[in-house]
Amino acid sequence: MAEDVIQIGLFNQDAAIVAGDKKGFLKQENIRVEIHTVTDSPTLLRNLITGKYDLILNNADNVIAWAEGQGEDPQKNDFVIFLGGSQGVDQKLVVAPGINDYKDLKGKVLAADAVTTGYAVVAMAILKKYGLEWKRDYEVKSFGNTVARADAMSRGEAAGAMMSMADEEIKKRSFKILTEAKDHVKHYARGLGATRRQWANANEELVVRFTRAMIRATDWLQDPKNKNDAVQLLLGETKNNQARAAAMYANTLSPTMGLTPRSRLDMEGIRTVIELREIAGLMKAPVPKPEKYVDERFYQKAIATLAR
Numbered sequence: 001m002a003e004d005v006i007q008i009g010l011f012n013q014d015a016a017i018v019a020g021d022k023k024g025f026l027k028q029e030n031i032r033v034e035i036h037t038v039t040d041s042p043t044l045l046r047n048l049i050t051g052k053y054d055l056i057l058n059n060a061d062n063v064i065a066w067a068e069g070q071g072e073d074p075q076k077n078d079f080v081i082f083l084g085g086s087q088g089v090d091q092k093l094v095v096a097p098g099i100n101d102y103k104d105l106k107g108k109v110l111a112a113d114a115v116t117t118g119y120a121v122v123a124m125a126i127l128k129k130y131g132l133e134w135k136r137d138y139e140v141k142s143f144g145n146t147v148a149r150a151d152a153m154s155r156g157e158a159a160g161a162m163m164s165m166a167d168e169e170i171k172k173r174s175f176k177i178l179t180e181a182k183d184h185v186k187h188y189a190r191g192l193g194a195t196r197r198q199w200a201n202a203n204e205e206l207v208v209r210f211t212r213a214m215i216r217a218t219d220w221l222q223d224p225k226n227k228n229d230a231v232q233l234l235l236g237e238t239k240n241n242q243a244r245a246a247a248m249y250a251n252t253l254s255p256t257m258g259l260t261p262r263s264r265l266d267m268e269g270i271r272t273v274i275e276l277r278e279i280a281g282l283m284k285a286p287v288p289k290p291e292k293y294v295d296e297r298f299y300q301k302a303i304a305t306l307a308r
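Going by our numbering, the sequence shown opens with residue 1, and the numbers climb by one from there.
Derived by calculation from the structure, the hints in this document are not laboratory data.
One or more hints might be untrue.
Pairwise CB distance ranges (calculated) [as the list claims (entries may be wrong)]:
no., residue 1, residue 2, range
1, 52, 281, 30 to 38 Å
2, 101, 239, 33 to 41 Å
3, 101, 168, 22 to 30 Å
4, 244, 268, 42 to 50 Å
5, 242, 305, 18 to 26 Å
6, 307, 239, 16 to 24 Å
7, 275, 106, 22 to 30 Å
8, 281, 103, 16 to 24 Å
9, 30, 166, 37 to 45 Å
10, 242, 12, 41 to 49 Å
11, 292, 264, 14 to 22 Å
12, 147, 201, 24 to 32 Å
13, 52, 30, 18 to 26 Å
14, 307, 151, 48 to 56 Å
This structure is a prediction, so every number in the text was calculated from the model and none was measured.
For each residue, glycine too, the CB sits at the ideal point set by N, CA and C.
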């Protein structure tokens, strides 16, 4: 039987998709994945819409925003989240020299991947706690990925940005960390499996098989006896840097930032994403419930047939 090929779009490969591919869990389900890495969310979502990608692994915020027509493109899209990923926001609000307090961001520009989606929304919600309103007190401008945002700050075109940049690089650029997202946001759904609802319904068995493979991959990663093997596996994602591979593995297992057990769907994290969008003024009350964007039947079928 010929393998089913799934085209996947993502920013970075997490440990689960690496293990699913390299440890043969996808092959066990007769699936071959072709990974497409992008550096910005508009490209990712547009390629999902056009069918260039069958599914994406991405934050719940992007999926929800584009489903509601609040992404870079104004039309609504019938997207569905079917697989869990990671939890928590491993991001820092990094600011340029001269910014010492939240009030110093007044009248300034924040750099973002995309203005109304992703971690920019987390920044908007944090700043609102300190009395700063988007558009009234500061602007958000799209520059692209972490390096592009940092370069914009170095050029003086932006005063701050949400980013996951290493502390040594932040120091090297003479930036400082104003706050960390984890101190404000306890639940956040990211790295989720999402696709067009029509494609999921037309390929239900394939979605279930893919989900089953990812559950097995997560189970394998979260089994302590596989630690050394997992770190070796992750060397390819860290340019053979042993310390970074070990850190990536530790982050994968973190109870606050790591993969959800058994790849379960983090409904609380999805609810938080919706609430953050409401706080930032991007969604109006009454906001939808998480169930609007989720279909758990693929996951439930995968779990029920996992022993087969």
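Indicate whether the distance between the beta carbons of residue 30 and residue 166 respects the range 37 to 45 Å. 39 Å, holds
Does 48 to 56 Å hold as the CB distance between residue 307 and residue 151, or does it fail? At roughly 50 Å between Cβ atoms, residue 151 and residue 307 fall inside 48 to 56 Å, so the hint holds.
Does the Cβ-Cβ separation between residue 292 and residue 264 fall within 14 to 22 Å? For residue 292 and residue 264 the Cβ distance comes to about 19 Å; the hint holds.
Whether the CB-CB distance between residue 101 and residue 168 falls inside 22 to 30 Å: 24 Å, holds
With respect to the beta-carbon atoms only, verify the hint that residue 281 and residue 103 lie 16 to 24 Å apart. 20 Å, holds
Consistency of beta-carbon spacing, residue 239 to residue 307, with hint 16 to 24 Å: For residue 307 and residue 239 the Cβ distance comes to about 38 Å; the hint is violated.
Could you see if the CB distance from residue 242 to residue 12 stays within 41 to 49 Å? Because 19 Å falls outside the window, the suggested range is violated.
Do residue 275 and residue 106 keep their Cβ atoms within the hinted range of 22 to 30 Å? Cβ of residue 275 to Cβ of residue 106: about 25 Å, so the range 22 to 30 Å holds.
Using the Cβ atoms, figure out if residue 242 sits within 18 to 26 Å of residue 305. This hint is violated: roughly 38 Å between Cβ atoms.
Note whether the CB distance of residue 147 and residue 201 lies within 24 to 32 Å or breaks it. Check failed, 38 Å falls outside 24 to 32 Å.
Within 30 to 38 Å or not, the Cβ separation of residue 52 and residue 281? 32 Å, holds
Lying within 33 to 41 Å: is that true of the beta-carbon distance residue 101 to residue 239? 37 Å, holds
In terms of the numbered hints stated before, the structure departs from hints 4, 5, 6, 10 and 12, listed from lowest to highest.
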